[in-house]
Structure formats: structure tokens, C-alpha cells
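Protein chains: 4
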Amino acid sequence: NLMKVRQKIFIPFVLLYILLAALGIYLIEPKTFKSYLTSIYWVITAIATVGFGDYVPVTDLGKVYTIFLYITGIGLLSLFIGRFINSVYLIDKMKIGGK
Amino acid sequence: NLMKVRQKIFIPFVLLYILLAALGIYLIEPKTFKSYLTSIYWVITAIATVGFGDYVPVTDLGKVYTIFLYITGIGLLSLFIGRFINSVYLIDKMKIGGK
Amino acid sequence: NLMKVRQKIFIPFVLLYILLAALGIYLIEPKTFKSYLTSIYWVITAIATVGFGDYVPVTDLGKVYTIFLYITGIGLLSLFIGRFINSVYLIDKMKIGGK
Amino acid sequence: NLMKVRQKIFIPFVLLYILLAALGIYLIEPKTFKSYLTSIYWVITAIATVGFGDYVPVTDLGKVYTIFLYITGIGLLSLFIGRFINSVYLIDKMKIGGK
Ligand SMILES: [K+]
Ligand SMILES: [K+]
Numbered sequence: 031n032l033m034k035v036r037q038k039i040f041i042p043f044v045l046l047y048i049l050l051a052a053l054g055i056y057l058i059e060p061k062t063f064k065s066y067l068t069s070i071y072w073v074i075t076a077i078a079t080v081g082f083g084d085y086v087p088v089t090d091l092g093k094v095y096t097i098f099l100y101i102t103g104i105g106l107l108s109l110f111i112g113r114f115i116n117s118v119y120l121i122d123k124m125k126i127g128g129k
Numbered sequence: 031n032l033m034k035v036r037q038k039i040f041i042p043f044v045l046l047y048i049l050l051a052a053l054g055i056y057l058i059e060p061k062t063f064k065s066y067l068t069s070i071y072w073v074i075t076a077i078a079t080v081g082f083g084d085y086v087p088v089t090d091l092g093k094v095y096t097i098f099l100y101i102t103g104i105g106l107l108s109l110f111i112g113r114f115i116n117s118v119y120l121i122d123k124m125k126i127g128g129k
Numbered sequence: 031n032l033m034k035v036r037q038k039i040f041i042p043f044v045l046l047y048i049l050l051a052a053l054g055i056y057l058i059e060p061k062t063f064k065s066y067l068t069s070i071y072w073v074i075t076a077i078a079t080v081g082f083g084d085y086v087p088v089t090d091l092g093k094v095y096t097i098f099l100y101i102t103g104i105g106l107l108s109l110f111i112g113r114f115i116n117s118v119y120l121i122d123k124m125k126i127g128g129k
Numbered sequence: 031n032l033m034k035v036r037q038k039i040f041i042p043f044v045l046l047y048i049l050l051a052a053l054g055i056y057l058i059e060p061k062t063f064k065s066y067l068t069s070i071y072w073v074i075t076a077i078a079t080v081g082f083g084d085y086v087p088v089t090d091l092g093k094v095y096t097i098f099l100y101i102t103g104i105g106l107l108s109l110f111i112g113r114f115i116n117s118v119y120l121i122d123k124m125k126i127g128g129k
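Protein chains in written order, with this note's numbering: chain W, 31 to 129; chain H, 31 to 129; chain U, 31 to 129; chain X, 31 to 129.
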């Protein structure tokens, strides 16, 4: 039951995490991140460990904030992507199994 | 049986995913991605989470598309690379085991 | 018992590893890494496999040191991030379970 | 027994893979990779999925070769780093256990 609640709130929690994390860097380094969409794109690029490097923190506070994002966000997005793959597989199974 | 079908279509599915994903970014940002091969190289570099940053999306649509690629592609390529390693090991086993 | 000791020293060990690894690159390439905070930021960005590329080793010794960091640090930070996610889940469980 | 042989040749195999992979890119793009050490550094940076982007393939052949490296190398280095972490833990156990 608790497990089900946890699973149900997982996706909204990840989305909220990304939106707030993007807001944080947008406020900390407005000169680097000129739009909120760019901030969201950068946060996801960072915690997906892609790290293109087209946008990077240049202030000390921005760098410390980025380290904090790695620790709190990389595992989270990894779980999110893992669940996405699994759910696609499960939906697929149900569709074929239901025929 | 269903599992075997799934395994059989997995490699063509990943290849099709990459070819279509590359076509998408090629059409969205023709100025950034000047050849289709470059688009394929960029898609695989992105979803393998290498992200060299030699090619990056510069438009808002391109950035949103890139986020969509992370969510749908990173898990997929990770599975693909995992299966590659396993299949190499299995072929290896059969060869030595068959002697 | 040994397992508990291992778990207890894990976080301080990772922190010490990062601080010393950052000191190493700071001493090897002072021209590239102009502050100790930048060195810490770079080490974590490298072993988290994000690799923005805003700071990179330019000397041969720096490059060899970076290879050494990959081998010793990537697995370590991956464990650290995995434990972080798990511990957040456990604390969460206890809180809700205790109600 | 076969498993033990496999484990014994794993580290030399990974080292040989890296040395040959570096030789390949060194021959394909001598203008990009001006030294063999740089080629080795680039190959490991690529297959560790760090991808700083300080060196990138610029020719079509170089890009195709890089895709081939991702598929054959990322899983391999991931196994290597995983084994490194495990072996450090085992050595550690033996040392403390032996006291
Ligand atoms: K990168
Ligand atoms: K990366």
C-alpha cells in the first residue's frame, strides 16, 4: 500500500524536482541561463549525465549548486528512465497479452 | 514465446529508433546538423550519455526534442549495450564450449 | 559487524577521496584549475561522468591523472549516489511508518 | 574453470582493447589526435561516457568509428570499473579479516 503511494507520487515528484532545480539555477545564474526552458534543458542534461557543456555554471555558488544537483538528481533521473523503459515494456505486454 | 519475439525485434527496433530520432533532429535543426550521418552520430552520442558537445540544439524546439530523446533513448541504448556485451560473452562460451 | 564499519566509513571515505583527488589536479595543473573549489567541482563532474568540458586537463600528466580518476572514482561515486537514493527512501519509510 | 580463464584474461583484454582503439583513432584522425597518449585519454574519456569534448572526431570515418567504440567499449569499461570496485573491497576484506 505504502509502496503503491510511493510509486504513484514518483513521476510528479521527479517533475517537481526538475522544475524547482531549474528555477534554482535560473535565479543563481541569470546571465548564463537566459530562459527558464534553457534551465530545464540544462538540469536534465546534467542529471542524465550527458553534460553537453553548452551551458555551465560560472560562479562559485552555481558550481556548489551543480554538485548538489548531481548528488540529489542523478539517481532520481536514472530511476525515472528505468521505470519509463519498464512501463513501456509492461504496456506492450498487456496489449499483446490482451489480444 | 512472446519473450523470444521481443528479443528478436529488439535490435531492429533500436536501429529504427536511432534512424528516426536522427531524422527528427536533422529536420528540426538543419543549420546545426549539416548531414544525416552527423545527426546519427549526435543522437547516439547523446543517448549513450557521452555528450561531447560538438553539436548541440540551439532552438527551443530542438532542446525540448533533446529532453524527449533522453527519456526515450538512454534506457534503450543502455539495454542495447548490455545485450551486446552479454551476446559477445555467450558466443564466446559456445565457441570454447563447442571445442 | 565488519559490514557496519564499512558502511559507517563509506561517506567520509568518499568525501576524503574527492578532497584529495581535487588537491591532486589543483597541484598538477594550477593554470587550468585556478581555485580549489573549481578543482572539487571538476573532479565530481568527471567521476559523475557528466564531463561538461569547461575545465579539461591539458598536460600529459593531467591526462594520465584523469584516467586514474575515472578508474578509481566513477564506481565510487556511483555507489555513493546509489546509497543516497536508498537512504532517502529508508528515512522516508521510517517517517511514514512511524506515524 | 572456463569462468576463471575468462576472469584472468579480462584485464589484459580491456587494456589491449583500449590500446588498439586508441591506435585506430590515432591513424584515422592524426590532425585531431596529435599524440598516442591523447588518443588513449580520448578513448577512455569516451567509453567511460564522460565525453569532455576537448577532442572530437571531425571526419565521417572518425564519427562512424566513434559509434563503433560506444557499442563495443562502454559495456566493457563499465564491467572493468565494476570489477575494480569489487576487487578493492575484497582485498580490503582479506586484509581486515586476516588480522
Ligand atoms: K559530456
Ligand atoms: K557525459
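Just so you know, the hints here were simulated from the structure itself, not pulled from any lab data. Just so we're clear, the structure is a prediction, and the values are computed from it rather than from any experiment. Ideal Cβ placement from N, Cα and C applies to all residues, glycine included. Some hints here could point you the wrong way.
Label pairs and their computed distance ranges (CB to CB) [stated by the list, open to error]:
#1 W:Val88 / X:Gly54: 30 to 38 Å
#2 W:Leu57 / H:Leu32: 46 to 54 Å
#3 U:Phe43 / W:Gly112: 36 to 44 Å
#4 W:Leu45 / U:Phe98: 35 to 43 Å
#5 W:Ser65 / X:Ser117: 23 to 31 Å
#6 H:Gln37 / W:Leu45: 43 to 51 Å
#7 U:Lys38 / H:Gln37: 39 to 47 Å
Calculated lysine-lysine pairs in the PhoX-like style (CA-CA distance at most 25 Å, straight line) [unchecked claim]:
#8 W:Lys64 / H:Lys34
#9 W:Lys61 / U:Lys64
#10 H:Lys64 / X:Lys34
#11 X:Lys64 / U:Lys61
To list a few chain W residues with every Cβ distance to chain X over 12 Å, as calculated [to be verified]:
#12 Lys34
#13 Ile58
#14 Lys61
#15 Thr79
#16 Val80
#17 Gly83
#18 Gly92
Results of checking the hints against the structure:
Our hint of 30 to 38 Å for W:Val88 and X:Gly54 holds, since their Cβ atoms are close to 36 Å apart. In this structure, W:Leu57 and H:Leu32 meet the distance hint of 46 to 54 Å, their C-beta atoms being roughly 50 Å apart. Take U:Phe43 and W:Gly112: their Cβ atoms lie about 27 Å apart, and the range 36 to 44 Å is violated. For W:Leu45 and U:Phe98, the hinted distance range of 35 to 43 Å is satisfied, since their beta carbons lie about 38 Å from each other.
Distance hint for W:Ser65 and X:Ser117: a CB-CB separation of about 47 Å, inconsistent with the stated range 23 to 31 Å. One distance hint, 43 to 51 Å for the beta-carbon pair H:Gln37 and W:Leu45, is violated here, with the actual separation near 32 Å. Taking 39 to 47 Å as the suggested C-beta distance range, the pair U:Lys38 and H:Gln37 conforms, at roughly 43 Å. Simply put, W:Lys64 and H:Lys34 have alpha-carbon atoms about 49 Å apart, too far for the 25 Å limit, and the pair is violated.
This hinted pair checks out: W:Lys61 and U:Lys64 have alpha carbons roughly 21 Å apart, not beyond 25 Å. Between H:Lys64 and X:Lys34 the CA atoms are separated by roughly 49 Å; this puts the pair beyond 25 Å, and the hint is violated. Proposed proximity of X:Lys64 and U:Lys61 is supported: the alpha carbons are some 21 Å apart, at most 25 Å. Interface exclusion of W:Lys34 from chain X stands, the closest Cβ pair being 32 Å apart, more than 12 Å.
In this structure W:Ile58 is separated from chain X by more than 12 Å, as the shortest Cβ-Cβ distance comes to about 24 Å. Every CB of chain X lies more than 12 Å from the CB of W:Lys61, the least distance being 22 Å, so the non-interface label holds. At the 12 Å boundary, the C-beta of W:Thr79 falls inside the reach of chain X, the nearest C-beta of that chain being 7 Å off. Residue placement check: W:Val80 does not keep its beta carbon more than 12 Å from all beta carbons of chain X (closest about 8 Å).
The beta carbon of W:Gly83 is not kept farther than 12 Å from every beta carbon of chain X, the shortest such distance being approximately 6 Å. Under the 12 Å C-beta cut-off, the non-interface status given to W:Gly92 relative to chain X holds; the minimum distance is some 19 Å.
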